[in-house]
Amino acid sequence: MAIGETIRNSQIWKSIFRHPMPLDRRNRIVVMLTNFFLHLHPVSIKKQGIALSFTWCMGGVTFFLFLVETVTGVLLMFYYRPTLEWAYNDILALRDVTSLGILRELHRWGAHAMVITTWLHMYRVFLTGSYKPPREFNWVIGVILLLLTLLLSFTGYLLPWDQLAIWAITVGSNMARATPILGYEGPGQQLLTIGGIDMITDGSDARFGLLGARFVGEETLNRFYVLHCIAIPLATSLLLAIHFWRVRKDGGISGPL
Amino acid sequence: MHSNGFFLKDVAGFLGGYYTFIAIMNGVAALILWRRKNQPGWAITWAVVAGVMMVLASLALSGSASLVPSLPLSVRMLVNKLSGPVLYTLGTTALFTVLFVFRKFFVKPMVAWTVLNVALVIMGLSMADENFASIVMKADNVPIVGLIFMLAFFTWVATSQAVVNDERIAQGLPPMEKLNDEKVLVWPDLVYTELICMVAVSAFLLVWAIFLQAPLEEPASSVKTPNPSKAPWYFLGLQEMLVYFDPWYAGVVLPSMVVFGLMAMPYLDFNKKGNGYYSIEERKFSYLVYQFGFFELWITLIILGTFLRGPNWNFFGPFEYWTPYKVEVLNNVDLPQMFWVNLLDRPLPRAPQGAGLLTQVGTILLREAPGLALLGAYLVLLPPLLAVTVFRKFFAKMGFVRYMIMSNLMLLMLTLPLKMILRWTLNLRYIVSIPEFSLNF
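Protein chains in written order, with this note's numbering: chain W, 1 to 257; chain F, 1 to 441.
These are computed hints drawn from the structure, not numbers from a lab.
The calculated DSBU-like cross-link candidates involving lysine-lysine, where the alpha carbons are at most 30 Å apart (straight line), are: (1) F:K393 to F:K104; (2) W:K46 to F:K273; (3) W:K47 to F:K108; (4) W:K46 to F:K183; (5) W:K249 to F:K284; (6) F:K284 to F:K273; (7) F:K81 to F:K230; (8) F:K273 to F:K397; (9) W:K249 to F:K273; (10) F:K108 to F:K37; (11) F:K104 to W:K47; (12) F:K273 to W:K47; (13) F:K284 to W:K47; (14) F:K178 to F:K284; (15) W:K47 to F:K272; (16) F:K178 to W:K46; (17) W:K47 to F:K183; (18) W:K249 to F:K272; (19) F:K108 to F:K272; (20) F:K138 to F:K81; (21) F:K108 to W:K46; (22) F:K397 to F:K178; (23) W:K47 to F:K178; (24) F:K183 to F:K273; (25) F:K284 to F:K393; (26) F:K272 to W:K46; (27) F:K178 to W:K249; (28) F:K284 to W:K46; (29) F:K183 to W:K249; (30) W:K46 to F:K104; (31) W:K249 to F:K397.
One side only, chain F facing chain W, incomplete, derived with CB under 8 Å: (32) K178; (33) D189; (34) M198; (35) V259.
Quick reminder that beta carbons are idealized off the backbone N, C-alpha and C, glycines included.
Could you build all of it, start to finish, from the sequences and the hints given here?
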C-alpha cells in the first residue's frame, strides 16, 4: 500500500514512532522500550505470568475502570453543578433530557465494578501468595488504594443529591461521630476539656471535619465534590504510579521460584 | 404482599431472556463436550437441561401469569419462617465448611457446572416472587448479585488450580505454574490480551449502562428519613455489625483494625511457601484466616445487610414483604446487670450523690469488674496462653512483637462472631457498659 508506506516514511510519523512496525522480534522489543505507555511493561514475560487463569486480569481491569471513571467523570463535571439549587436537577436532566446522559450510568456502574474488581484483584493476590516477600510493601500500597477506591465511591455517592445519596452518607458519616476521643458521641470525648469547656462538640468533632457542617448539607456537597473530583483522584494516581512501578521493581508478576 | 399478575407480567420478559440464556449456556457446554467425545453422558445431560430451560423460557414468555415458573408459595413461606440471622450465619458457615472440606469434589468441572445451574434456576424461580425481585432488582443491588456469582466463579478457578498443585506438591512435583515458565514477548502476547480485556470491559459496561438505569430517588430532604436508611452497599457489613456493637467499635475501631491487619499481613505471615502459585495445603492457616475474614465477616454480612435487613434493620426472609410494622422483641441485658442483679441478687453499685471523681470512677470499675475481668482475660491472658499451647511454633518463629500483633488482631477479629453467639444464646447486649464515658462494648 503506497499511501501507508508514504505515511510511515514521513518525517512526522518517524518523529512519533522511532522504529518500524512491531512485526519482527527486534521491533517488538524496541516498541516496549520506546513507547511511554508501553514502557510500564517488561519486554518479555513468563508465559504463566500472563495466563488469565492465573492473573484473572483484575488489576488491569481495575486500572482501566479508573481511566473510564476519569474520562466519564471529567465529562460529567462539565455538566453537573454541586450546589443545592442545581445538583439534583442536573442529574435529573442527565437522566431525562441530556444527550449522552448515559455517561452517568457508565460512571456509576463503572464505580461499582471498580470496587468489585479491586476486591477480586486483592483476592487473587492473596490466593497466589503474591503479597509475600519481596512484594510486602506493594501490598500495603494496594491496601491504601483499596481505601481510596472506597472513599472515591463514597464521596461520589452524595453528588446526585437525592434521598439515596444524602441518607447513605448520613448513615456512613454518623460513624465518625463515635470516634473514640474525637467524636462527640465517642468514648472518652469527655476527657478533652479545658477549664470545664468541652473541646469536642458536634461543631468540632471528627464528623464535623468530614462533613464541614453539623449535618449533611451544602458544605458537605462541596467538600465531597472537591474530594471526589480532585483530592482523592490525585492521591490515587500517585499511588497507582508507585504501585505499578513497584510491580516491576519487585520482580514483575509473581510466579513460583 | 403476594405475587400478583401485574408483577409477573412485568418480570416475565426478563425471565424469558434469563432462561434462554441458561439454555444457550448449557447448549454450548453440551456441544463442546460432545465434540471432545470423552464425556458423551454429560453432553446429553446438558443438552436435556438446555431443552428444559427452553421450556421454562417459553412458559415465562407465554403471557399467562400463572404459567411463570416459580417456587410454590408454601416453600417460600417455609423459607421465610426458617430464616433468621442465626440460621443465616450458621448456614453460610456450614456451607463454606462443606465447600472447603470437600473441595476436591466441588472443583470438578461437571460438579461446579451442576452447582451453577442449580443456583441459576433457584435464582430464576425466586425472581418470580415480587418481594424477592423488588430487592434484588433494585439498581444498586444488582452489582452485589454479580459479585456473588463472580466470587463463586473465581474461587472455583483458584481452588481447582490449588487442588491440582497440592496433589503435585504431595508427589514431589513442582506446581503447574512452574511448567509454563517459557518467556514470551509482551508485544504481542500481553498487549493484545490487555486490548481485548479493555474492549470486553467497555462492551460489558455499555450494555449494563444501557439496560440498567442508575438510581435517582426523590430530591434530598434532611427531614424525611427513609426506613431503612442504608449506607452504600460495600459498607453494609459494617452497618450490620452495629447490631452487635456500638458505632465506636463497629464503625471506627474494627474497620481501622481490618485495614491495619491487611497491611500487617505480609509482615506477619512468615510462611515462605505458596509464593506465586495457587496452593491451600501449603498455607492452610493463612488461607483459612483470610477466607474467614473475607467471606464470613465481610461478604456474607454485606449480603445480609443488603438483601435481608428491612425497615428498622429488622431481619426479613428473602420472600418476605418489608413491612415497617414488624415488631421484634429486644430483651437484651448487659453483663453488669446479669452479674449483680440476676446472679448476686443485689442492686448495681452506685456512687452516692455528690461523690468525688475518684469514688465515681471506683464505683464504675466495681460495677464493670466482671466485664473488665473477662475482657482483660481475653485480650491480655489469652495471647500468652496461646503462645505456650496452640501457637507454640508460631511464637517461636515470629518473636514476641510480631506474635502479639498477630494474636491480638485475630482476637479482635473474633470479637464479632463471639459477640454474635453471646447475643443469640444469652441475649447479652454489652459486656462492659459505661454510659458515663459513652464506652459500651
